[in-house]
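Visitor: Sequence:
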Amino acid sequence: GIVMDNRLAPIKLDSYQPLREVVCESLREAIRKGILKPGERIMEIQLAEELGVSRTPVREAIRKLELEGYVVMMPRRGTYVANMSIRDINEIFEIRTALESLSNGLAAEHITDEELEHLQRLLVIIGGYIKEGNMEKIVETDIEFHDLMYHAARNQRLVGIISNLRDQLTRFRTLSMSYPGRLEATLDEHKAIVEAIANGDRKLASKAAEKHMENSEKTLLKAMEAMKEQNTKSRSTKKKKLSAHKAAVK
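Residue numbers for the sequence shown follow my numbering, so the first one is 273 and each next one is one higher.
Don't take each hint at face value.
[Said to hold, decoys possible] Simulated crosslink set (DSBU-like; lysine-lysine; CA at most 35 Å straight-line):
(1) Lys513 <-> Lys309
(2) Lys522 <-> Lys500
(3) Lys284 <-> Lys494
(4) Lys522 <-> Lys336
(5) Lys494 <-> Lys475
(6) Lys403 <-> Lys490
(7) Lys511 <-> Lys479
(8) Lys475 <-> Lys403
(9) Lys475 <-> Lys309
(10) Lys305 <-> Lys522
(11) Lys505 <-> Lys309
(12) Lys403 <-> Lys511
(13) Lys490 <-> Lys510
(14) Lys500 <-> Lys510
(15) Lys490 <-> Lys522
(16) Lys305 <-> Lys409
(17) Lys490 <-> Lys511
(18) Lys490 <-> Lys505
(19) Lys409 <-> Lys511
(20) Lys511 <-> Lys500
(21) Lys409 <-> Lys494
(22) Lys284 <-> Lys336
(23) Lys510 <-> Lys522
(24) Lys336 <-> Lys409
(25) Lys409 <-> Lys500
(26) Lys463 <-> Lys483
[To be verified] Restraint ranges, calculated between C-beta atoms of paired labels, are given here:
(27) Lys409 <-> Lys500: 25 to 35 Å
(28) Glu381 <-> Met315: 46 to 56 Å
(29) Thr509 <-> Ser287: 37 to 47 Å
(30) Lys510 <-> Asp286: 19 to 29 Å
(31) Lys309 <-> Glu386: 40 to 50 Å
(32) Lys510 <-> Gly432: 12 to 22 Å
(33) Ala470 <-> Asp419: 13 to 23 Å
(34) Ala519 <-> Gly400: 46 to 56 Å
(35) Arg393 <-> Thr509: 43 to 53 Å
(36) Asp385 <-> Lys409: 18 to 28 Å
(37) Ser506 <-> Asp360: 49 to 59 Å
Simulated from the structure, these hints should not be mistaken for lab results.
Positions of the beta carbon are idealized from the N, C-alpha and C atoms, including for glycine.
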């Protein structure tokens with residue numbers, strides 16, 4: 273059955289963005305936060321009611337989310353929140369590694385002094401947020417850092433493709449980043465990338481990007497494994513409690 277008792281906040285209609293964009297962001301957020309869970313069926317009418325909009329922007333938003341890999345549409349069976357398999361993650365990282373390598377190599381050749389200075393400044397800022405443990409600011413600054421680095425490659429199409437691949441992994445970002453030691457490791461990997469770019473060393477910048485992607489994927493898979501174990505444990509604890517309760521009742 274579908275349990276959807278108004279978990280989504282109604283959309284504020286005063287936004288300057290097109291309605292489908294606002295709906296899209298709202299649904300993305302709900303999927304990222306696990307309010308809409310993997311494998312859950314998405315009902316257009318119900319979402320439209322909860323968000324206080326008509327069905328058209330909801331339908332348009334769902335189409336966009338399908339392109340981004342957030343939902344899967346099955347003929348005659350409806351639309352479901354996508355369940356990302358290990359295989360999917362592996363495929364995305366395979367492509368992303370090649371493109372990040374290319375992008376960083378190009379950045380090593382094309383970056384301006386101002387951009388380089390800005391990148392170095394962002395690393396210092398992120399370092400400060402890591403010490404404070406300010407997750408929201410870390411994520412925000414990390415996005416800014418990557419955007420600037422991609423921009424420095426001076427290839428718009430490449431930026432578009434990489435952004436799309438990053439979007440497909442957005443929902444795992446917090447899971448990865450909260451894995452013990454990953455934030456500090458990411459900062460070190462970013463420093464290595466920026467250093468190679470600063471030296472104009474295309475080969476080294478590409479290598480550093482590949483290493484960063486490899487470690488990101490490894491961490492994500494470890495974090496997913498840990499989460500699975502935790503869920504299994506909490507389920508078995510619940511079962512134990514339940515059977516103990518039943519035994520006591522007898």
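Visitor: Now look at each hint and say whether the structure bears it out.
Guide: Here is how each hint holds up against the structure:
1. Lys513 <-> Lys309: It holds: about 26 Å lies between the C-alpha atoms, which stays within 35 Å.
2. Lys522 <-> Lys500: 33 Å, holds
3. Lys284 <-> Lys494: 38 Å, violated
4. Lys522 <-> Lys336: Cα-Cα ~54 Å, so violated.
5. Lys494 <-> Lys475: 29 Å, holds
6. Lys403 <-> Lys490: 24 Å, holds
7. Lys511 <-> Lys479: 48 Å, violated
8. Lys475 <-> Lys403: 32 Å, holds
9. Lys475 <-> Lys309: 41 Å, violated
10. Lys305 <-> Lys522: Roughly 41 Å between the alpha carbons, so the hint for Lys305 and Lys522 is violated.
11. Lys505 <-> Lys309: 19 Å, holds
12. Lys403 <-> Lys511: Violated, at about 39 Å.
13. Lys490 <-> Lys510: Cα-Cα ~30 Å, so holds.
14. Lys500 <-> Lys510: Between Lys500 and Lys510 the Cα gap is close to 15 Å, so the pair holds against 35 Å.
15. Lys490 <-> Lys522: Violated, because 48 Å separates the two Cα atoms, which is more than 35 Å.
16. Lys305 <-> Lys409: 17 Å, holds
17. Lys490 <-> Lys511: 32 Å, holds
18. Lys490 <-> Lys505: Satisfied, since the Cα-Cα distance of roughly 23 Å is no more than 35 Å.
19. Lys409 <-> Lys511: The hint is violated at about 39 Å.
20. Lys511 <-> Lys500: 17 Å, holds
21. Lys409 <-> Lys494: 24 Å, holds
22. Lys284 <-> Lys336: Status holds; Cα separation ~20 Å.
23. Lys510 <-> Lys522: 18 Å, holds
24. Lys336 <-> Lys409: 27 Å, holds
25. Lys409 <-> Lys500: 27 Å, holds
26. Lys463 <-> Lys483: Holds. Lys463 to Lys483 sits at ~12 Å (cutoff 35 Å).
27. Lys409 <-> Lys500: 25 to 35 Å: With a Cβ separation near 29 Å, Lys409 and Lys500 satisfy 25 to 35 Å, so the hint holds.
28. Glu381 <-> Met315: 46 to 56 Å: 50 Å, holds
29. Thr509 <-> Ser287: 37 to 47 Å: 44 Å, holds
30. Lys510 <-> Asp286: 19 to 29 Å: This hint is violated: roughly 44 Å between Cβ atoms.
31. Lys309 <-> Glu386: 40 to 50 Å: 44 Å, holds
32. Lys510 <-> Gly432: 12 to 22 Å: With a Cβ separation near 45 Å, Lys510 and Gly432 fall outside 12 to 22 Å, so the hint is violated.
33. Ala470 <-> Asp419: 13 to 23 Å: With Cβ atoms ~18 Å apart, the hint holds.
34. Ala519 <-> Gly400: 46 to 56 Å: Since Ala519 and Gly400 have Cβ atoms about 54 Å apart, the given range 46 to 56 Å holds.
35. Arg393 <-> Thr509: 43 to 53 Å: Between Arg393 and Thr509, where Cβ atoms are some 47 Å apart, the hint holds.
36. Asp385 <-> Lys409: 18 to 28 Å: With Cβ atoms ~26 Å apart, the hint holds.
37. Ser506 <-> Asp360: 49 to 59 Å: 25 Å, violated
Hint compliance for this structure: hints 3, 4, 7, 9, 10, 12, 15, 19, 30, 32, 37 are not met, and every other hint is.
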